[in-house]
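For this one, chain C is given, so just place chains H and Z on it according to the hints.
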Amino acid sequence: MTTIAPEAGSPQQGNPELRALLRQVDKKRHRVDRFMKGLVYLAFVLAVVPLVSVAWTVVSKGIERFNAYFLTHSMRGVYGGMDAGGVYHAIVGTIEITLFAALISVPIGLLTAIYLVEYGRGQLARSVTFFVDVMTGIPSIVAGLFAYALFAVFLGPGVRMGVVGSVALSVLMIPVVVRSSEEMLRLVPNELREAALALGVPRWLVVIKVVLRTAVAGLVTGIMISVARVIGETAPLLITVGVIDSINYNLFEGRMMTLPVYVYRQFQQGLVPCAPDQANCIATITYDRAWAGALTLILIVMLLNLVARLVTRFFAPKNFG
Amino acid sequence: MSTTQSPPAPGPAATSSLEPAGPRRRRRGARSSDRGASRAFRWLATGAGALILILLVAVAVFLVIKAWPAISMPSDELVEKVGLLRNSSSLLDYVGPLIFGTVLAATLALIFAVPVAIGIALFTSHYAPRRLASTLGYVIDLLAAVPSVVYGLWGALVLSPIVQPVWAWLNENVGWFPLFAGKVSPTARVLLTVAIVLAVMILPIITAVSREVFLQTPRLHEEAALALGATRWEMIRMAVLPFGRSGVISAAMLGLGRALGETMAVLMILSPGFLYSFHILEAGQQQSIAANIAAQFPEADPLGVSTLIATGLALFAITLVVNVAARAIVARRKDFSGAN
Amino acid sequence: MAQRIDVKDLNIYYSDFRAVADIEMAVEPRSVTAFIGPSGCGKSTFLRTLNRMHEVIPGAHVQGTVAMDGVDLYGADVDPVAVRRQVGMVFQRPNPFPTMSIADNVLAGVRLNNKRISKGDAQDMVEQSLKGANLWNEVKDRLDRPGSGLSGGQQQRLCIARAIAVKPQVLLMDEPCSALDPISTLAIEDLIAELKSEYTIVIVTHNMQQAARVSDRTAFFNLAGTGQPGRLIEIDDTATIFSAPREQATEDYISGRFG
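Protein chains in written order, with numbering that gives the first Met the number 0: chain C, 0 to 320; chain H, 0 to 339; chain Z, 0 to 258.
Chain C on its own, in the form it takes in the complex:
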């Protein structure tokens, strides 16, 4: 390929053929390199565009109705294009159902993580690890169907109550809690465990007083992020908890409204047909409420993520692992 004779060119002035070789070999290869670099940057931009668009529309369209009235009133007695109605009942439902889901998931998830990190050996541990990963892939609608089927088998068909939704959400939440807790527990240095064991502290107290205490910031963060993950679930709640316009505080009786379902419900009702001379009728009221509901939901999710990050930042032991 290179055909220059070694004797060619005088070293003092610089070998012109070598100079040519070193300057630029192949324009095409460099064009391909630059093109691919462009594509890679483009890919990133392509992903940011929908993110910005979603954030912008939710904020700009939702801010209009997002006020104290909206947050403190339910949809009871609201009909047609009335300039009224709020999201209070949905916030109540979302908080209760999600908290109860966390109440189910956190002990199971945390204990499973403890099992995997502290005790897990052999076949059982391996299959638990594997199927926890598989469980993260269960479609949310299937989790909803499962919760419905579970309660229907024992309580008869047609059950609609908050706790069914909590069970559905916990199916989705448990694997996330296990994963994040496991990661955090593995960060606790082994020397800490051995030191405590060597002092004659029983194993279970070591786990609770040393391991969990050390990892507590990470565990809280992981749990909050898993709550944020399921709080936006819509489909399972739609089929297990149903929809309602008024406030229901009781998880164990009757339908409840939740924020994501509220957004869907408002969207689904579509534009309101307003008579031309009708006062107090806004044609787009349902969409407006949907956007405001979406803003409320996103704010809650972001708040959870933010607090989770702050917890890690301020409470994490500084010299870890």
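Pairs of lysine to aspartate or glutamate, EDC-like flavour, derived with a Cα cap of 20 Å:
id, chain 1, residue 1, chain 2, residue 2
1, Z, Lys166, Z, Asp123
2, Z, Lys166, C, Glu16
3, Z, Lys195, Z, Asp236
4, H, Lys80, H, Asp92
5, Z, Lys114, C, Asp32
6, C, Lys26, Z, Asp76
7, Z, Lys195, Z, Glu27
8, Z, Lys166, Z, Asp120
9, C, Lys208, C, Glu117
10, C, Lys36, Z, Glu54
11, Z, Lys118, Z, Asp143
12, C, Lys26, Z, Asp78
13, C, Lys27, Z, Asp78
14, Z, Lys118, Z, Asp140
15, Z, Lys195, Z, Asp215
16, C, Lys36, Z, Asp78
17, Z, Lys166, Z, Glu197
18, C, Lys208, C, Glu190
19, C, Lys208, C, Glu193
20, Z, Lys7, Z, Asp76
21, Z, Lys130, Z, Asp103
22, Z, Lys166, Z, Glu27
23, C, Lys26, C, Glu16
24, C, Lys27, Z, Asp76
25, H, Lys80, H, Asp300
26, Z, Lys166, H, Glu222
27, Z, Lys7, Z, Glu23
28, C, Lys36, H, Glu222
29, Z, Lys118, Z, Asp103
30, Z, Lys114, C, Asp25
31, Z, Lys166, C, Asp25
32, Z, Lys195, Z, Asp5
33, Z, Lys139, Z, Glu126
34, Z, Lys130, Z, Glu193
35, Z, Lys130, Z, Glu197
36, C, Lys36, C, Asp25
Label pairs and their in silico Cβ distance ranges:
id, chain 1, residue 1, chain 2, residue 2, range
37, C, Leu191, H, Gly35, 21 to 27 Å
38, Z, His205, C, Gly37, 40 to 46 Å
39, C, Gly121, Z, Thr225, 45 to 51 Å
Bear in mind the hints are in silico, worked out from the structure with no lab data behind them.
A quick note: this is a predicted structure, and the numbers were derived from the prediction, not measured.
Cβ coordinates follow ideal geometry from the N, Cα and C atoms, glycine included.
For chains H and Z alone, kept in the frame of chain C given last:
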């Protein structure tokens, strides 16, 4: 401080090892070094682990129980009794187009998402300045934090009007291509729009997994390529992509699993139909299993619910296969890289 | 095919840290130059500046000139990718591409420039390069098997074959034998002796016997202390360095008093 008095609970184990046969069982108990509260705690933790497996089995069992009335009933009787099946000749005939629609939407989403995800993963692993990389990764993770119902709202009210003229143009100019054939929808509430939203939704998981494997590429191989006079892209093609291939495949399958099971984006955007149709620009052609369940469930009678749960069982089976396959690839990869 | 290299006033940095200071030396064509010195003295870092591999580390940069046959490798119009084509490199640990066959590994560099080489040309090139690396007889029956199946010494010779397949002017070797057993080391040393008739070879080694065995000229690097930059202490004919070095530090190092 711990090293001087290392093995915990030496007493009983040491003494019993001197005695033959009889105390062997006691010795095993002593080796796990726990009694009373410690043992109870260990069993509690192990029980929680086992519960995960039981839960997965329970999902399948309860779905089968509630789907059984519809599955076991003779076709003609079921068709007569269940309003949902008015245009179908049997349960299979009902599920078929739904599976088709689900797979079509998810496949299209995957085709859009995978190249972009690989691009973003490379961007954060090999192109972006080190200090920015993790922040940019966090931006992509934000996409995963947006609830699906918000994506549905955005897709239906914002994206659809924007893409409609594009779809109309595609239909007019590239209409000979089977996917773009048919009568273009004036509202763009069609499968192609759905696929784009699904692609955005599965982007974070595919990106995250791909990025992990790209970052694991041995520095040795990257330098070998560069030292041969490779440009950055050629280095990526020679060292990074071959190394990360199986990881990207499993990432794509995880994304596929998500796309198959996603409900709200399809439910809120797509104008549904029950055909084996490839016309992704035409309204009223396809529907996905998940969206169909969410749409029909609230108004269904007990036998209708049973029918819908049967379709849900099919979705569960499909996603289970996809996820198990994806996770198996990831797990095998882990073994492989550990052995090196 | 072989070119001389003249280094002048070269300072090498990792971000703000100056790792190597004020290097001035000439590398003669068609000869073997060995770099020796204690760990951390910057000999590998310096080696990597000779084909601009140093700068792939974020924040790493150099000042000064490295001229190959009078052309400054760090000149504004010089392309680092082209430099690495003319200056091949063999690493400390053998690193054949695990997903490629033996033949594809040899051709990896060639294919970058020339996508469509005919099958016959490719075969010739593989045979020539593998023969040049004394590996042909051992692998000629399994050219389509993965390169990672070879022994460590064979893998390293495969990497040498890969480097010489692109016909570079200079060949850099960064402790090429440190991961190999004595027999494989011997095979590589024999190979170096053969290759120097065609290439300018620069080798970094920890092993002073190896430097004495394979090199024509030897450069000794040292550093005054941790946090100080490494410096070139002296460079001379290998025989002179090992029998009558000018500097006390060189003598101390060679006689095993430190390092």
